[in-house]
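As given, the protein sequences belong to chains A and B, one line each in that order. Using this note's numbering, the first residue of the first sequence is number 60, and each one after it goes up by one. Using this note's numbering, the first residue of the second sequence is number 54, and each one after it goes up by one.
Any given hint could be a false lead.
[Claimed, not checked] Below, computed lysine-lysine pairings styled on DSSO-like, alpha-carbon distance capped at 30 Å:
1) B/LYS164 / A/LYS684
2) A/LYS171 / A/LYS184
3) B/LYS163 / A/LYS194
4) B/LYS163 / A/LYS311
5) B/LYS146 / A/LYS197
6) B/LYS146 / A/LYS194
7) A/LYS103 / A/LYS66
8) A/LYS117 / A/LYS189
9) B/LYS82 / A/LYS69
10) A/LYS757 / A/LYS311
11) A/LYS191 / B/LYS136
12) A/LYS67 / B/LYS163
13) A/LYS251 / A/LYS189
14) A/LYS684 / A/LYS757
15) A/LYS117 / A/LYS177
16) A/LYS194 / A/LYS166
17) A/LYS166 / A/LYS197
18) A/LYS248 / B/LYS82
19) A/LYS593 / A/LYS458
20) A/LYS682 / B/LYS163
21) A/LYS197 / A/LYS180
22) A/LYS166 / B/LYS164
23) B/LYS84 / A/LYS311
24) B/LYS163 / A/LYS73
25) B/LYS136 / A/LYS742
26) B/LYS84 / A/LYS66
27) B/LYS163 / A/LYS757
[Claimed, not checked] So, partial list: chain A residues that the calculated Cβ filter (under 7 Å) puts toward chain B:
28) THR136
29) TYR224
30) HIS297
Just so you know, the hints here were simulated from the structure itself, not pulled from any lab data. None of the values given here were measured: they were computed from a predicted structure. Cβ coordinates follow ideal geometry from the N, Cα and C atoms, glycine included.
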Amino acid sequence: MSNLPTKKMKRRLKAYCAILMCIGFTWVTLNVGYNSLVRGEELKSLAVEQQLDDMTVKPKRGIIYDRNMTILAQSATVYTVYIAPNEMKGNMDDAQKELIASMLSEKLEVDKEQITAKIQKSDSKYQEIKRKVEKPVKDEIQAFMLENELVGVHYGEDSKRYYPYGNFASSVIGFTGTDNNGLYGIEAKYDKYLAGTPGRTVRATNAKGLDMPFKYEKYYDAQEGNGVILTIDETIQHFLESALEDVLVQHKVREGVAGIVMDVNTGEILAMATKPDFDLNDPFTIASEEVSAYIETLSGDERTTALGEAREDQWRNKALTERYEPGSVFKVVTGSAALEEQVVGLGSTFSCPGYHVVAGRTIRCHKSGGHGTQNFTETMVNSCNPAFMKIGAALGEDKFFEYFKAYGLTEKTGIDLPGEVTSLYYTAEQYGPVELASSSFGQSNAVTPIEMMTAFCAVVNGGYLLEPYVVKEVVDQNNATVFANTRTVRRQVISEETSELMRGVLEQVVTANGGSNAYVKGFDIGGKSGTSEKLSAQDKSDRISSFIGFAPVDNPQIAVMVMADVPTNGAVYGSVVAAPAVASVMADTLPYLGINPQYSAEDLEKLDVTVPNILGLTIGEAKSKLLARGLDMETVGEGDKIVRVFPSNGSQVPRDGKVIAYTTEAENVTTTVPNIVGMNPQKAMQVLENAGLNIRYKTGRPDADGVNVSTQSSAEGATVPRGTIIEVDCVSILADGE
Amino acid sequence: MLSSLAYREYDLETFGQSTRKPEIERIPKAKALPKVNTFKVIAFVMVAILACSAYLYGRMRLNEVNTAYTEVMAQIDILNSEKVRLDMALNEKMSLKNIEEYAQDELGLKKLNVGQVHYISLEEEAVEAAQTDSGYLDKVGDFVKDMWNKIAV
Numbered sequence: 060m061s062n063l064p065t066k067k068m069k070r071r072l073k074a075y076c077a078i079l080m081c082i083g084f085t086w087v088t089l090n091v092g093y094n095s096l097v098r099g100e101e102l103k104s105l106a107v108e109q110q111l112d113d114m115t116v117k118p119k120r121g122i123i124y125d126r127n128m129t130i131l132a133q134s135a136t137v138y139t140v141y142i143a144p145n146e147m148k149g150n151m152d153d154a155q156k157e158l159i160a161s162m163l164s165e166k167l168e169v170d171k172e173q174i175t176a177k178i179q180k181s182d183s184k185y186q187e188i189k190r191k192v193e194k195p196v197k198d199e200i201q202a203f204m205l206e207n208e209l210v211g212v213h214y215g216e217d218s219k220r221y222y223p224y225g226n227f228a229s230s231v232i233g234f235t236g237t238d239n240n241g242l243y244g245i246e247a248k249y250d251k252y253l254a255g256t257p258g259r260t261v262r263a264t265n266a267k268g269l270d271m272p273f274k275y276e277k278y279y280d281a282q283e284g285n286g287v288i289l290t291i292d293e294t295i296q297h298f299l300e301s302a303l304e305d306v307l308v309q310h311k312v313r314e315g316v317a318g319i320v321m322d323v324n325t326g327e328i329l330a331m332a333t334k335p336d337f338d339l340n341d342p343f344t345i346a347s348e349e350v351s352a353y354i355e356t357l358s359g360d361e362r363t364t365a366l367g368e369a370r371e372d373q374w375r376n377k378a379l380t381e382r383y384e385p386g387s388v389f390k391v392v393t394g395s396a397a398l399e400e401q402v403v404g405l406g407s408t409f410s411c412p413g414y415h416v417v418a419g420r421t422i423r424c425h426k427s428g429g430h431g432t433q434n435f436t437e438t439m440v441n442s443c444n445p446a447f448m449k450i451g452a453a454l455g456e457d458k459f460f461e462y463f464k465a466y467g468l469t470e471k472t473g474i475d476l477p478g479e480v481t482s483l484y485y486t487a488e489q490y491g492p493v494e495l496a497s498s499s500f501g502q503s504n505a506v507t508p509i510e511m512m513t514a515f516c517a518v519v520n521g522g523y524l525l526e527p528y529v530v531k532e533v534v535d536q537n538n539a540t541v542f543a544n545t546r547t548v549r550r551q552v553i554s555e556e557t558s559e560l561m562r563g564v565l566e567q568v569v570t571a572n573g574g575s576n577a578y579v580k581g582f583d584i585g586g587k588s589g590t591s592e593k594l595s596a597q598d599k600s601d602r603i604s605s606f607i608g609f610a611p612v613d614n615p616q617i618a619v620m621v622m623a624d625v626p627t628n629g630a631v632y633g634s635v636v637a638a639p640a641v642a643s644v645m646a647d648t649l650p651y652l653g654i655n656p657q658y659s660a661e662d663l664e665k666l667d668v669t670v671p672n673i674l675g676l677t678i679g680e681a682k683s684k685l686l687a688r689g690l691d692m693e694t695v696g697e698g699d700k701i702v703r704v705f706p707s708n709g710s711q712v713p714r715d716g717k718v719i720a721y722t723t724e725a726e727n728v729t730t731t732v733p734n735i736v737g738m739n740p741q742k743a744m745q746v747l748e749n750a751g752l753n754i755r756y757k758t759g760r761p762d763a764d765g766v767n768v769s770t771q772s773s774a775e776g777a778t779v780p781r782g783t784i785i786e787v788d789c790v791s792i793l794a795d796g797e
Numbered sequence: 054m055l056s057s058l059a060y061r062e063y064d065l066e067t068f069g070q071s072t073r074k075p076e077i078e079r080i081p082k083a084k085a086l087p088k089v090n091t092f093k094v095i096a097f098v099m100v101a102i103l104a105c106s107a108y109l110y111g112r113m114r115l116n117e118v119n120t121a122y123t124e125v126m127a128q129i130d131i132l133n134s135e136k137v138r139l140d141m142a143l144n145e146k147m148s149l150k151n152i153e154e155y156a157q158d159e160l161g162l163k164k165l166n167v168g169q170v171h172y173i174s175l176e177e178e179a180v181e182a183a184q185t186d187s188g189y190l191d192k193v194g195d196f197v198k199d200m201w202n203k204i205a206v
């Protein structure tokens with residue numbers, strides 16, 4: 060008998076297997092169908108939730124540059140330090156928790172009791188301790204935790220905005236909030252460009268939460284914020300801020316100082332500043348010690364309100380968020396309108412008896428005896444109010460308002476900064492003779508500094524009212540342009556011929572009578588000062604001092620404006636308070652822009668000379684050589700030949716100055732610096748000569764009338780070597796209109 | 054003696070001799086089990102194990118490298134960020150205001166006076182191209198050119 064399976068057996072086996080397989084297959088199919096068709100969505104979502112990791116990728120905020128690509132604002136990663144009290148609960152005793160609280164309090168400068176209270180919330184898995192913690196501090200905390208084998212402290216990534224230059228251009232750049240959104244200035248206005256677009260990362264993770272690469276990965280890249288390139292020039296901004304700081308301190312300006320430097324032909328803002336200002340890295344701290352101390356004395360709601368107001372006050376950009384009465388600066392508008400309408404000409408004459416009667420009201424000139432008969436140019440130089448009232452009357456109310464409107468003084472300039480306000484002015488219907496008279500010389504209407512500046516530029520640039528702008532270009536990560544601002548002409552207000560006439564007249568304002576305080580040797584500068592009553596002030600003696608200058612006169616490139624709101628140190632005239640600051644900015648900015656000084660013969664005679672090499676010469680030879688350069692010599696010592704000179708060979712000394720020649724090796728002979736502030740330049744020179752010192756006039760025209768020394772480089776009582784050059788600033792103390 | 058051929062002694066006719074032939078059923082030979090080459094089996098299994106291991110090892114290494122890559126990229130981001138922070142700190146020190154203050158207060162320097170800068174007007178161009186020394190071959194070439202120009206004239 061064979062013991063191999065028979066066919067029948069095999070057939071039976073096959074049948075059984077087939078039945079089993081059918082059952083199994085049917086069961087599997089039914090299950091698959093049920094799980095995919097009936098429970099499909101539910102299981103899919105569970106799988107996604109368990110296996111996929113969805114993370115938002117925060118974009119980097121864009122960088123803000125000046126026009127030369129110097130970085131003014133940039134973001135970097137920082138950390139949020141938080142604790143997980145639930146993690147600490149089971150793993151640490153009280154002593155360890157105390158240790159953590161002490162360490163965190165010390166490293167993060169947070170109140171220890173607050174930290175301890177958070178640690179006590181043992182059911183919580185997230186208690187924030189501090190945000191915006193920098194990496195070195197985070198690393199120290201991390202090292203401490205590892206060293207002491209402690210748990211419960213974690214770090215979340217965050218971003219912090221850095222402003223490397225602190226309070227530089229603070230009112231223009233603005234700052235971001237805790238969520239990295241722009242709150243002020245350019246940061247706010249261009250937030251949509253700077254913020255970028257968040258990305259997403261979808262990844263598969265295993266049971267341990269680790270990535271499973273190349274499985275279901277989807278990356279949606281974050282779009283980094285665009286870069287914003289300003290029209291601001293860092294160097295010119297620095298010049299302006301230094302000058303404004305000097306005005307603020309020297310004249311104890313109570314309500315702040317504002318300044319603008321603008322490209323006359325394009326509308327680009329090269330510099331804009333308000334002082335006092337604040338540190339952009341810490342905008343919520345009140346910079347003024349006085350105000351801060353006052354707020355500390357308050358409590359409750361009163362304190363909160365005062366703090367809020369103080370912050371708003373320090374953040375404001377005075378150039379566009381505040382109005383002021385422009386005073387005599389406004390005369391450029393009245394004068395140019397009158398010339399354009401040909402109701403007056405350069406040869407027209409005006410009489411000033413010291414007052415003018417309008418509708419029964421007497422309005423006095425600043426010069427009590429009056430200016431007498433003067434032509435158009437002289438009225439501008441003298442800034443004669445009665446003359447301008449007559450010019451305004453000749454223009455008429457309708458035409459006056461028409462030009463007021465044409466110069467953009469009834470609307471915003473459209474500058475790309477937030478917070479710009481419009482002016483307050485008489486409407487056409489409200490004008491009567493008195494309103495016209497006072498408006499003609501710049502009182503009654505209140506405009507913003509940027510409005511006045513834009514109007515002034517229109518007067519001197521050929522008559523074109525431009526739209527000012529602060530952002531030159533917005534670029535992406537590849538430096539491709541996303542958006543660019545260009546010169547925008549709103550309208551032409553006056554003809555080019557009238558503009559040329561006005562430039563000549565305004566040059567006379569600066570150079571007439573020996574030159575005003577805006578004069579800078581070697582440069583043709585034109586401008587107009589203004590001193591106005593602050594009508595909104597409680598104290599009727601409060602004044603606003605301002606000056607707008609432009610250069611070069613024959614081909615204007617830049618205009619500079621300085622406005623001081625209530626100087627309280629005695630001087631109030633715009634020509635005394637603001638004009639020297641404009642001169643200082645011009646003196647620094649024009650050479651920086653490649654506009655070199657062109658000295659007149661008179662200027663050349665007054666330039667410094669170089670001390671020639673007289674070492675080894677006899678006293679007689681040395682004296683002759685120095686005399687040929689226009690220098691005097693004082694000999695010290697008993698020797699025959701010159702062994703040392705002060706100031707040294709090759710240094711620059713004012714012409715007619717003195718050189719100390721030593722014939723023996725000895726220490727420098729010293730002298731005490733006298734006080735010369737307040738003296739006229741000639742007397743100051745005499746006093747310094749008697750003390751064996753040289754004088755150099757840094758700014759102002761020493762040969763002009765009514766000029767006094769306002770500052771001296773070495774303080775009274777200082778001991779300096781004989782022959783030292785004392786640099787002085789000269790300021791005209793005469794009122795030039797207002 | 055009976056022999057195995059005893060059936061010959063019987064008269065089979067009495068039994069009704071069947072005319073059927075005996076069925077001969079051939080029983081198939083049992084196939085000999087193939088000889089198993091043990092070495093080959095082991096080798097095959099080893100190869101299979103190796104291949105699987107290599108694949109798994111590759112995936113594991115890929116995982117590790119990817120994790121390391123992610124960590125390094127994260128570190129790079131952190132260091133870049135740190136660089137930005139330090140650059141900002143450096144720029145803060147190097148601001149124009151700080152430089153001026155340091156120059157005046159610490160070094161006793163003064164700002165340049167306008168009169169210390171002398172401007173020179175040039176009637177001709179301020180740039181002159183430098184003459185480079187020509188090599189021997191260049192000189193020969195120049196000589197030939199000169200000769201040719203003279204001949205041409």
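Taking only the CA atoms, is the gap from B/LYS164 to A/LYS684 under or equal to 30 Å?
Roughly 28 Å separates the two Cα atoms, so the pair holds.
Next pair to validate is B/LYS163 with A/LYS757; report whether the Cα-Cα distance is within 30 Å.
Satisfied, since the Cα-Cα distance of roughly 12 Å is no more than 30 Å.
When you check the alpha-carbon spacing of B/LYS84 and A/LYS311, does it fall within 30 Å?
violated, 120 Å
Does A/LYS682 pair with B/LYS163 here, judged by a C-alpha cut-off of 30 Å?
holds, 28 Å
Hinted pair A/LYS593 and A/LYS458, Cα distance within 30 Å:
Roughly 26 Å between the alpha carbons, so the hint for A/LYS593 and A/LYS458 holds.
Do the alpha carbons of A/LYS251 and A/LYS189 lie within 30 Å of each other, as the hint requires?
holds, 28 Å
Would you mind confirming whether the straight-line C-alpha gap from A/LYS166 to A/LYS197 stays at or under 30 Å?
holds, 9 Å
Hint check: A/LYS684 vs A/LYS757, CA-CA at most 30 Å. Holds or violated?
Holds, at roughly 26 Å.
Mind checking the alpha carbons of A/LYS103 and A/LYS66 for me, to see if they're no more than 30 Å apart?
violated, 49 Å
Between A/LYS166 and B/LYS164, is the straight-line Cα distance small enough, at 30 Å or below?
Violated - the C-alpha atoms of B/LYS164 and A/LYS166 are around 43 Å apart, more than 30 Å.
Hint consistency between B/LYS163 and A/LYS73 [alpha-carbon to alpha-carbon, up to 30 Å]:
Measuring from Cα to Cα gives roughly 109 Å; hence the hint is violated.
Hinted pair A/LYS197 and A/LYS180, Cα distance within 30 Å:
Between A/LYS197 and A/LYS180 the Cα gap is close to 23 Å, so the pair holds against 30 Å.
Hints 3, 7, 12, 18, 22, 23, 24, 25 from the list above are not met by this structure, while the remaining hints are.
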